[in-house]
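Asks: The primary structure of each chain is shown beneath.
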Amino acid sequence: MKVFRILSRDIRDSFKSVFRNFSLSLASITCITITLLVVSISVILSLNVNNIATLIEKDVTIVAFLDKGIEEVDIKLLQSQIERLDNVESVVFQSKEDTKNEMMEASEDFKNVMENYTEDENPLQDSFKIKVVDIERIGNTANEIKELSGVDVVKYGEGMVEQLVNVFKVVRNVCIFIVVTLIVVTAFLISNTIKITIYSRRKEIEIMRLVGASNLNIKIPFVFEGLFLGILGSIIPMLATIYGYTALYEQSGGILFSQIIQLVEPMPFVVWVSIILLVIGMIVGMFGSLLAVRKHLKI
Amino acid sequence: MNLIRMKGVKKTYKNGVTAIYDLDLKIEKGEFVFIIGSTGCGKSTLIKMLYREEKPNAGEIIVGGLNVAKLRNRKVYKLRRKLGVVYQDFKLLPKSTVYENVAFALEIFGLPKSEIYEKVLKVLDLVGLKNKAKHYPTNLSGGEQQRVAIARAIVNEPKLLICDEPTGNLDENTSMEIMKVLDEINKMGTTIIMVTHDTKIVEKMKKRVILLDAGRIVKDYAEGTYVNEGI
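Line by line, the protein sequences give chains A and B. Residue 287 in this note's numbering is what sits at position 287 of the first sequence, and the numbering runs on without skipping anything. Residue 1051 in this note's numbering is what sits at position 51 of the second sequence, and the numbering runs on without skipping anything.
Just so you know, the hints here were simulated from the structure itself, not pulled from any lab data. You can trust all of the hints, since none of them are fake.
With a straight-line cut-off of 25 Å between C-alpha atoms, the simulated BS3-like cross-links for lysine-lysine are:
#1 K219/A / K1113/B
#2 K1070/B / K298/A
#3 K2/A / K1078/B
Distance ranges between label pairs, derived from CB positions:
#4 E1203/B / I196/A: 43 to 53 Å
#5 L26/A / K1026/B: 53 to 63 Å
#6 T1138/B / L7/A: 24 to 34 Å
#7 F4/A / G1030/B: 30 to 40 Å
#8 I196/A / T1138/B: 18 to 28 Å
#9 K1075/B / M1/A: 17 to 27 Å
Some chain B residues well away from chain A (every beta-carbon gap over 10 Å; in silico):
#10 K1010
#11 T1012
#12 T1018
#13 V1033
#14 I1047
#15 G1065
#16 G1128
#17 L1140
#18 L1170
#19 G1189
#20 A1214
#21 I1217
Ideal Cβ positions, reconstructed from N, Cα and C, are used throughout, including at glycine.
Make a model of the complete structure from these sequences and hints.
Replies: Right under this line is the structure:
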């Protein structure tokens, strides 16, 4: 009961103090708002880049061409063998007739050429289209498939896929680096601003000590105050994220520049980004305050 | 019984200045003691050691059973809750009302609201500021601010009230009003130690007077025996 009373008073006092030191609070809140906006933009950008990379990677397919004249039983057996490989996500069989029809639809020239062949003389091969789980191991998987009997040739865009994977790896790492750096810089900026505002209130801390407040008595209201500043500072970035991104998505129809660049759907994406912003604001506000108060306490 | 007992206390500041040399002092419960002396004689250092703003280099200081000389920084609040301190510059929170300034000293104990309200109004009445509870300190006169500070210092009913030049910033009439308040508090049983250089007040009050010079007690006048010798 006593602890509860003290805590509720601390919360009340920290609320009051946010408003009584309005200009100082405003400085902290503005700083939090601006830095979190930058964090929001960078998080949205990097998550989208990541999304595009994932979509492109998902498109990569291994095509295994089968020996000519392979029996239906062997095809079934081969399919189950491929499905059992550990990096294989899905296997789709495409008969040479399907391939022929597909190609004839795709190009007029090809149609003319193909019409010269009868059903029995189809020069094409039956094939499997295989998606993998981990694109970095696509080379090994392709080799494993090639070893199976009944498989003639395996193609997956050798060389190009490896390059793509490497480029995406770099892009992803750069994104993570930028976001982490920004968050660290944000934390530093916010805690510094709070430090300055608390420096101007060191007299208050001194008086609290003189009338018998323990270190904990002094710290808790400031920590709550930091928490409130963090929450208040993240309101605008959160709204900007939710409404700004949704508007951008709707304006562009979810696509930027070309079909390849697909944006992440706003729901529940913006909610997650907003929660991240709020959590950063709260934690940085609290710890910024705590560190700043500790400097003025005699421990 | 001694409320305060100092034995062989010595204080040398880091810059090499020795403010107190081998000081012995006993103060009984319920006494009203003035500590006087010229500027730099060590009187401020002496009382700062009593509320543990400064730490002695040697000797023993017992305040209300607490060994102050050995008290750790993080435990200082335990001492501060047992005594009240009044300063020359009031040290009020400018952005809190009179009521809040006084109530703050009780809120940290976690007392229920109704009890705090009752106690705060009682002390504000005692210092004559009951009708200014909702004012901010900056809207009060110096004398009124000092009375708020006194109210804050005594609201948790300490056995000891330490006053560091409480009338230093006030004119003669206001000073005497403050002294009346302090005298009343003393009559209710609180021990008061007051540092001052205003010998007029000391003469009028006729209390025990301790004269310090260059870090040593040179004279300890019993109640009513003080005469201004112009030192």
